[in-house]
Amino acid sequence: GNSVTQMEGPVTLSEEAFLTINCTYTATGYPSLFWYVQYPGEGLQLLLKATKADDKGSNKGFEATYRKETTSFHLEKGSVQVSDSAVYFCALSDSQGAQKLVFGQGTRLTINP
Amino acid sequence: SQTIHQWPATLVQPVGSPLSLECTVEGTSNPNLYWYRQAAGRGLQLLFYSVGIGQISSEVPQNLSASRPQDRQFILSSKKLLLSDSGFYLCAWSAPGLIGYTFGSGTRLTVV
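For the record, the sequence lines run as chains A and B. Take 14 as the starting number for the first sequence in our numbering and just add one per residue. Take 24 as the starting number for the second sequence in our numbering and just add one per residue.
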């Protein structure tokens, strides 16, 4: 079945540091890939997505590229801010039928001033 | 525009009591609807999904059930809560044929 493996956290960085959160997946067919963010006490918000190989999703300074050859969708940001502190989830969706999302376990990110 | 409402935001219930969490979607028709649970310190697990009124698919055997009495209403229920039912429950919807979900704000359930 489909699965997502995420870099384990927690991750703690200083403000303005470079961020990478690794994500790899296993899937049949051609899934869509997502990064969701969960701020403390809130639900999940879509951060970015990519629907086919070599697509780059980007939003709020975050980027991730759909790499079919390495089955990866790593999240990057060049200069993090304290407000980026949250839990980040990588996920994939089979675009057929009910579009069930399969999530990674989440990575807690803390940015110190 | 489409919106998703989920309530209550927090709930503390004794073991053995019933549960009913409600989710409604506005501004769309025939959405796919989902219930996820996030246990403490863990990822999200799909519990139920529905592609139409009265149609429910269960992903994992458990103490919970779901119903879809109306097109844009999705209810998560239990007759008798267990301690292990504690967690953060998230409702979500997607449009058939389109990529992406929108999540509700979640319900934090604590079973004591």
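If you're looking for bench data, these hints aren't it; they were derived computationally from the structure. There could be a bad hint or two in this list.
[Claimed, not checked] With a straight-line Cα cutoff of 20 angstroms, these simulated EDC-like cross-link-like pairs (lysine to aspartate or glutamate) come out:
id, chain 1, residue 1, chain 2, residue 2
1, A, LYS113, B, GLU82
2, A, LYS65, A, GLU21
3, A, LYS81, A, ASP67
4, A, LYS81, A, ASP68
5, A, LYS113, B, ASP94
6, B, LYS102, B, GLU82
[Said to hold, decoys possible] Here are a few chain A residues that sit away from chain B, every Cβ distance over 12 angstroms (derived from the structure):
id, residue
7, GLN19
8, VAL24
9, SER27
10, GLY56
11, LYS81
12, GLU82
13, HIS87
14, VAL95
For each residue, glycine too, the CB sits at the ideal point set by N, CA and C.
The hints, checked one at a time:
no., hint, result
1, A:LYS113 with B:GLU82, "10 angstroms, holds"
2, A:LYS65 with A:GLU21, "25 angstroms, violated"
3, A:LYS81 with A:ASP67, "7 angstroms, holds"
4, A:LYS81 with A:ASP68, "10 angstroms, holds"
5, A:LYS113 with B:ASP94, "19 angstroms, holds"
6, B:LYS102 with B:GLU82, "19 angstroms, holds"
7, GLN19, "8 angstroms, violated"
8, VAL24, "15 angstroms, holds"
9, SER27, "24 angstroms, holds"
10, GLY56, "4 angstroms, violated"
11, LYS81, "17 angstroms, holds"
12, GLU82, "22 angstroms, holds"
13, HIS87, "18 angstroms, holds"
14, VAL95, "23 angstroms, holds"
Checked against the numbered hints given earlier, this structure breaks hints 2, 7 and 10; the rest are met.
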